[in-house]
Amino acid sequence: MKKIAIESMQFKKVTMSFHECEILQNCDFVFPMNQNCRIVFKNDREKFFFYHSMTQLVGIEKGQYLINGVNVPDLSFEEFLGYRLSIGFGFSTRGLLHNQTLRQNLELPLRFHKLFSGSELKDWMETCVEYFDLHDALDKRPAEVSTNSQKCTLILRAFIGQPELIFLDTPELMLSTKLQANLLQMIDDHRKHYNLKHVFFSTYDEQFSDCLSDQNIILNHKRLNKVEVNKKLRIAL
Amino acid sequence: MIAVVDRLGQKVFENFNYSWKLFLMTYLSFRSALVGRNQGWRTLYGVVSAQIYFTGWQAMPLIVFLAAGTGAIISLQAVMQMTFLGGVDAIGQFMVMIVLREVGPLLTALIVVARSGTAVASELGSMQVNKEMDALRTMGINPLSYVIFPRIVGGVISVLCLAFYFVLFAALAGATVCRVIKGMPFDVYFTSISQAADFGDVFVFFLKNMIGGLIIFSVCCHQGMQVERSPHEIPQVTTKAVVNSTVYILGFYMFLTCYYYLEYVTSIGLPL
Chain E
3 MKKIAIESMQ FKKVTMSFHE CEILQNCDFV FPMNQNCRIV FKNDREKFFF YHSMTQLVGI
63 EKGQYLINGV NVPDLSFEEF LGYRLSIGFG FSTRGLLHNQ TLRQNLELPL RFHKLFSGSE
123 LKDWMETCVE YFDLHDALDK RPAEVSTNSQ KCTLILRAFI GQPELIFLDT PELMLSTKLQ
183 ANLLQMIDDH RKHYNLKHVF FSTYDEQFSD CLSDQNIILN HKRLNKVEVN KKLRIAL
Chain W
30 MIAVVDRLGQ KVFENFNYSW KLFLMTYLSF RSALVGRNQG WRTLYGVVSA QIYFTGWQAM
90 PLIVFLAAGT GAIISLQAVM QMTFLGGVDA IGQFMVMIVL REVGPLLTAL IVVARSGTAV
150 ASELGSMQVN KEMDALRTMG INPLSYVIFP RIVGGVISVL CLAFYFVLFA ALAGATVCRV
210 IKGMPFDVYF TSISQAADFG DVFVFFLKNM IGGLIIFSVC CHQGMQVERS PHEIPQVTTK
270 AVVNSTVYIL GFYMFLTCYY YLEYVTSIGL PL
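Chains as they are written, first to last, in my numbering: chain E, 3 to 239; chain W, 30 to 301.
Looking at chain W on its own, in the form it has when it is part of the complex (with noise of 0.2 Å):
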């Protein structure tokens, strides 16, 4: 019983250990990127340009294709259900509750650490063997600022992006598909929408693909950092950067969630 324990205490302890080793990285990143004033901003621009480009621009028709199809997929069972029990007016705020509050920021993510989280891990592990680091090191230039703080400003730009895009193209299906079922006019459908969300729900968006796109790209970068010596170290690296980011932001949107709303849930006096 108290090896069990003792295991345990000890998972807990190096999982706490890796948390604070993404922060500091993150921190540095940052500190070194802004306080360091003597580098040049353009460079620096450069880097960041081009991880929006692979990770959000590239991203897009998959992203557009999956927004489609969830929407449609969405609204489809939605109205099949609420035909059954009546109020299909009430499709809006069940696409908010469903699209903008949780499978939009989920499936961006996921998303996104297949495409790009792997990108990043195998490449900053590649350049770990390459010798690239050392090499930016003694050009005097920190690879905390010039190859992680880049990426992860990158990231989380093209996450919020991507996120904003899933919604936007679910939403457009979902219309689309209570047109043609139900006859449902646009206008009728855009307005349930609009009078369903509030200023919560745009700013726990905003929130949970701001910080989801920090975690995917730190934990990414932290892992193809971990990279020593040897090629073989890097397809490990990627699987453990995919495994442990799903974790965490599975973690943060579900503590999010239940923060957010049966809070909201108790705040307005019902039971749960």
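Isolated chain E (complex conformation) (with noise of 0.2 Å):
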């Protein structure tokens, strides 16, 4: 299966309810693309069904959800895939395989679509793993290793793939400040030399905000609102 390229993505009267609570409701939105975006919600709940649906883990209740003017939600797992495969997603706390290794985690995909030959994935993995030394980890169950290794292993798994585009779960969270900054060097890297374009993200953490958003995304009274954010004020971590 081939990667989809990931142009637009477009809510069109999209209503989202969680367990009857309303959580968009006819919203019309066109995501900013090639940026670092900022989602802020009010509370996880919110957060948790919003990216669930923009992964297509769960369904959207009315309207269209369209990606390169494909309303997606229409989409069989298998025509899916096509655009799947070019969206990473970094889940905030679980989502490791328990019963594999750290390494396997992070091969998983990579040997199930067969994206990369041997002596390839080998290279890549390397690659990936240096940004947050997780060596001395790779081979050990999540079980087995520190909460903050297995985050970043959640991390690495979206960048994996070599993704256009990235959904972040409060990405910063158990990180230490230097593995923040590796993250965000991650990120940059991932634009400059492979095919990252989009990163929507969510984090608690302004400062971290500050050094990653080019745009925030608000969620408030069930509608999806843009506000630009002032460059000038970005820091480094």
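Don't take every hint at face value.
[To be verified] A few chain W residues that face chain E, going by a derived Cβ cut-off under 8 Å, partial list only: (1) Arg36; (2) Thr72; (3) Asn159; (4) Lys160; (5) Asp163; (6) Ala164; (7) Thr167; (8) Met168; (9) Gly169; (10) Ile170; (11) Asn171; (12) Asp227.
[As the list claims (entries may be wrong)] Below, a sample of chain W positions facing chain E; criterion: calculated Cβ distance under 10 Å: (13) Val64; (14) Ala79; (15) Glu161.
Keep in mind the hints are simulated off the structure, nothing from the lab. From the three backbone atoms N, C-alpha and C, an ideal C-beta is built for every residue, glycine too.
Please dock the two separately framed chains into a single complex, following the hints provided.
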């Protein structure tokens, strides 16, 4: 299956509900592309459901969620696969396969979809792991490593398939300042050398947000609104 | 009275609905694994092998012990009763009738339900809670083809092999008992068995164990996937998996026995 380039993302009259609580109502929104966008939520429930909808883990209730003009909720798992391979999702905490080592967790999508051959895969893994210095933990299962290493693996797994679009759910969580800086470096490197174009993330850390965000998207009163960020204020970690 | 009929109707409807969901999940898992050709077969092969190792290989000592015990007890009882009634030579027919047709598949299925069915249901349940299924989907891996399909295939192969070994070791134990108690030579015992078993018995044996394995692992996978958010749901679905798969297995085996062997009796002109 070939990856499909992601040119545009749009909501048309979208209504989303989670356990009878409405999150979006008749929302029209064009997502800004080729930027690092912070999405600001009022609570974790909104965040959880929003990301799950964006990655097609759950369906939207009403309206259209268009990627490149195609309404993706109409697509089957196989039909959406081309888009999915261009999308990376970094879970906030859970999501690692507990019966596999961190290395197997990272290699799984690459092996499953045959994205790299043997030697390429080894080199690529080495490049990725370098950012978070995971060498010692790589051959251990998630239960045997620190939550910090688990979090690093969750983030790396979002990047491992060289996606164009990435959703990162509180990526700075449990990371030291040094590792946060490495993450920012990784995003920059992926933009420059690989396919990464669009980054959507959420965070409760204003400093981290200031370092990364080009634009803020705020979910308020069941609508999404864009708010420009003053880039002059951008700081380095 | 109407309320009782209503409740009964509702139960029947619920059971049909449940069976339909099981069928659909099994069909979709096979479809996604066999039709979605973009996936790596080697990855699936690894999961199938692991399932065969856990369900089949690790259960072997228990199956051998249970088969030997069951075979010894059945042949002991058979020899004792047949000594009173005469016709100890018919021991082969008795062993085929009891072990190959009924006890072998049934005990194997119950052992697999207790050992591996519970393991699969709770494993899948905890995968749901830990968002591992969601993680697989975000990686473009369909859990139906990566998680469910290999478990069902590995489970069916394991049940088939375990049932074969059960029958083999039960027969060996029976031969030993006959030898020790009645001094029956091994060749007489095994000739009696081979003469008693026909193609129909072997066919029904394969059918029972294959469909039995399919039922056990479909039910247990389905129950595991029913966990939504909280770990407290895991023991609940595990219990349901055991109960439901036992009921389905007994129902299916009873249906098959009635259909095949009663049909056979009436086809040769004997009254029931």
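Status of each hint after checking the structure:
1. Arg36: Violated, because the Cβ-Cβ distance from W/Arg36 to chain E comes to roughly 28 Å (cut-off 8 Å).
2. Thr72: 5 Å, holds
3. Asn159: Constraint on W/Asn159 satisfied, holds at 5 Å.
4. Lys160: 4 Å, holds
5. Asp163: Holds, because the Cβ-Cβ distance from W/Asp163 to chain E comes to roughly 5 Å (cut-off 8 Å).
6. Ala164: 4 Å, holds
7. Thr167: Since the shortest Cβ distance to chain E is 4 Å, the answer is holds.
8. Met168: 4 Å, holds
9. Gly169: 4 Å, holds
10. Ile170: 5 Å, holds
11. Asn171: Nearest chain E Cβ about 5 Å off; hint holds.
12. Asp227: With a minimum Cβ separation of about 44 Å from chain E (threshold 8 Å), the hint on W/Asp227 is violated.
13. Val64: Hint holds; W/Val64 Cβ to chain E Cβ min 8 Å, cut 10 Å.
14. Ala79: 9 Å, holds
15. Glu161: With a closest approach of 5 Å, the W/Glu161 hint holds.
The structure is inconsistent with the numbered hints 1, 12, although it conforms to all the rest.
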